[in-house]
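K.L.:
Sequences listed follow chains R and D, in order.
If you're matching positions, the first sequence starts at 1 in the working numbering and goes up one per residue.
If you're matching positions, the second sequence starts at 116 in the working numbering and goes up one per residue.
No lab work stands behind these hints, which were simulated from the structure alone.
Heads up, a few of these hints could be off.
[As the list claims (entries may be wrong)] So, partial list: chain D residues that the calculated Cβ filter (under 7 Å) puts toward chain R:
| hint | residue |
| --- | --- |
| 1 | Ala138 |
| 2 | Ala141 |
| 3 | Met342 |
| 4 | Ala345 |
| 5 | Arg355 |
[Said to hold, decoys possible] Restraint-style ranges between C-beta atoms, simulated for each label pair:
| hint | chain 1 | residue 1 | chain 2 | residue 2 | range |
| --- | --- | --- | --- | --- | --- |
| 6 | R | His46 | D | Asp186 | 25 to 31 Å |
| 7 | R | Pro10 | D | Ala312 | 55 to 61 Å |
| 8 | R | Arg108 | D | Thr423 | 41 to 47 Å |
| 9 | R | Cys113 | D | Lys136 | 30 to 36 Å |
| 10 | D | Pro185 | R | Val8 | 54 to 60 Å |
| 11 | D | Leu327 | R | Tyr26 | 57 to 63 Å |
C-beta atoms are modelled at their ideal positions from N, C-alpha and C, and glycine is treated no differently.
Given next are the chains, with one letter for each unit.
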Amino acid sequence: MSYLLLIVEPVDQRRNRPAHEGREVYQRMLDYTEQLRERGVLLASHSLRSAAVRLSVREGSKKVTDGPFTEAKELVGGFFLLDCPTREQALAHAALCPAAQWATIEVREVGPCYE
Amino acid sequence: MACTADLAMMSSVAMMAADVKRAIDAVWRIESARLIAHLARLVRNVGLAEELAQDALVAALEQWPRCGIPDNPGAWLMATARNRGIDHLRRERMLSRKHEELGHTLEMEQHMNGSSPESRADDEIGDDLLRLIFTACHPLLSREARSALTLKLLAGLTTTEIARAFLVPEATIAQRIVRAKRTLAEAQVPFELPRRAELRERLSSVLEVIYLVFNEGYSATAGEDWMRPALCEEALRIGRILAELAPGESEVHGLVALMEIQASRLRARLGADGEPILLMEQNRTLWDRLLIHRGLLALARGEALGETRGPYLLQAAIAACHARALTAADTDWVFITALYDELVRLEPSPVIELNRAVAVALAYGPAAGLELADRLAAQGALSCYHLLPSVRGDLLARLGRYSEARGEFERAAALTRNEREIRLLRNRAHRCERGEL
Numbered sequence: 001m002s003y004l005l006l007i008v009e010p011v012d013q014r015r016n017r018p019a020h021e022g023r024e025v026y027q028r029m030l031d032y033t034e035q036l037r038e039r040g041v042l043l044a045s046h047s048l049r050s051a052a053v054r055l056s057v058r059e060g061s062k063k064v065t066d067g068p069f070t071e072a073k074e075l076v077g078g079f080f081l082l083d084c085p086t087r088e089q090a091l092a093h094a095a096l097c098p099a100a101q102w103a104t105i106e107v108r109e110v111g112p113c114y115e
Numbered sequence: 116m117a118c119t120a121d122l123a124m125m126s127s128v129a130m131m132a133a134d135v136k137r138a139i140d141a142v143w144r145i146e147s148a149r150l151i152a153h154l155a156r157l158v159r160n161v162g163l164a165e166e167l168a169q170d171a172l173v174a175a176l177e178q179w180p181r182c183g184i185p186d187n188p189g190a191w192l193m194a195t196a197r198n199r200g201i202d203h204l205r206r207e208r209m210l211s212r213k214h215e216e217l218g219h220t221l222e223m224e225q226h227m228n229g230s231s232p233e234s235r236a237d238d239e240i241g242d243d244l245l246r247l248i249f250t251a252c253h254p255l256l257s258r259e260a261r262s263a264l265t266l267k268l269l270a271g272l273t274t275t276e277i278a279r280a281f282l283v284p285e286a287t288i289a290q291r292i293v294r295a296k297r298t299l300a301e302a303q304v305p306f307e308l309p310r311r312a313e314l315r316e317r318l319s320s321v322l323e324v325i326y327l328v329f330n331e332g333y334s335a336t337a338g339e340d341w342m343r344p345a346l347c348e349e350a351l352r353i354g355r356i357l358a359e360l361a362p363g364e365s366e367v368h369g370l371v372a373l374m375e376i377q378a379s380r381l382r383a384r385l386g387a388d389g390e391p392i393l394l395m396e397q398n399r400t401l402w403d404r405l406l407i408h409r410g411l412l413a414l415a416r417g418e419a420l421g422e423t424r425g426p427y428l429l430q431a432a433i434a435a436c437h438a439r440a441l442t443a444a445d446t447d448w449v450f451i452t453a454l455y456d457e458l459v460r461l462e463p464s465p466v467i468e469l470n471r472a473v474a475v476a477l478a479y480g481p482a483a484g485l486e487l488a489d490r491l492a493a494q495g496a497l498s499c500y501h502l503l504p505s506v507r508g509d510l511l512a513r514l515g516r517y518s519e520a521r522g523e524f525e526r527a528a529a530l531t532r533n534e535r536e537i538r539l540l541r542n543r544a545h546r547c548e549r550g551e552l
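Here chain R stands alone, though its shape is the one from the complex (with noise of 0.2 Å):
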């Protein structure tokens, strides 16, 4: 069974972070991506930069929107894709997470949008 850990923080955070401190948080989410690792459980893992574009595609007209967007008050800011068999082991993992200290992470399950 696949679960998502999305790590969804406040926007402006990251911007109003000291670098040292950035750099601090930053070292603590490798290290856990080391842990989950050595546990075998990671499938794949990767931060996201802050700047977005947005793209639709509505009666065959593309939309191209440049961030920041201003309404938006969260960003995914990375993701962690664990392979564990319950949905208590991914919420278990997630705890450990140093970024549900400062952020929120969302636990998705994999899987088909319609049966």
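Assemble chain D onto chain R, guided by the hints.
P.N.:
Just chain D now, kept in the frame of chain R:
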């Protein structure tokens, strides 16, 4: 009315208790291996270490539903288990005041009181885990005992779960585990990493167990207990852990690559009625590209170590050839033949020879393959193996020699007990009668 409210409250309390129980199970599955590994090095007895860890689990089951789940459940379990360990050693010291043991106990208490597991270097915990893997897969134990013990100690599965996964009675597994622990204790197997000279041999015993567990899960058919396919996940997880702990061993990466690539086909390998679908006929869009990607990475990691490729790395390389081919027709059979050549040289086995014959037939034509299959038939080593006549039948039919092919398919049908395969082979025999492929 009050009654209804009470009931509602009671059921919500019961639900919370169930939630806590599930959370404890989850933490146990994640932490138990590290817990046992750490304790085993301190008390120098894997069986005792597991009991201490279990005691901590029981304490959690008693306390967490009442007081809530601690912030760091893993650290809580570790601290509790260590305290039980110290109690145990004190009692032991009271019973026998042998000088030697006293020394050992004191040294151990220093260990236990001194460095907390959190403050210890990660690679030290890693070494404990590696020791635990090598101990659970010790050559003193039978293959069955090794797999059961590995799943118990490293995957944190219960005896019931292991029994369900292997389709054997629970008592059998319980006994296997008890006996295995006793054997290790009686032989005073040290909780140590094997010395350099033995390492390769001991490692191959570990890899064998992991692959055995994986194949148990892989051979499960649809509709069977979900615990069986879960064995694939557990084997993969232990394999990935091992690859992080022993990154310099190319065969570990080979095994992980092989398992990731095979697991990528899990969804494609059974039809709607649970009938097996052969590799060449699978719908490749159902293959899990992420697992393939991971498999190819593991293969590259193993090959980058630059040693002569061992059997797992070679099998992974063959699996990778299939994984890279977007359609069955794209398969690079010439390259696969070369890999089989290398594999046969390394591990001469008639089954591998037969696989090689199939690859040769697809790379260089049915006549070349048949020549090899005929040679195998003449050796008589596979006289009871239905796939030999089945392969020969297929190659003969491709060469238009239908009456000989029919005889081979009938022989193959008589050698297998699998209903589905019998039907398939009889069907081919009938087609040969009509002069069809």
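K.L.:
Determine for every hint whether it applies to the structure shown.
P.N.:
For each hint, the structure was consulted:
| no. | hint | in the structure |
| --- | --- | --- |
| 1 | Ala138 | holds, 6 Å |
| 2 | Ala141 | holds, 4 Å |
| 3 | Met342 | violated, 10 Å |
| 4 | Ala345 | holds, 6 Å |
| 5 | Arg355 | holds, 4 Å |
| 6 | R:His46 <-> D:Asp186: 25 to 31 Å | holds, 27 Å |
| 7 | R:Pro10 <-> D:Ala312: 55 to 61 Å | holds, 57 Å |
| 8 | R:Arg108 <-> D:Thr423: 41 to 47 Å | holds, 44 Å |
| 9 | R:Cys113 <-> D:Lys136: 30 to 36 Å | holds, 31 Å |
| 10 | D:Pro185 <-> R:Val8: 54 to 60 Å | violated, 25 Å |
| 11 | D:Leu327 <-> R:Tyr26: 57 to 63 Å | violated, 41 Å |
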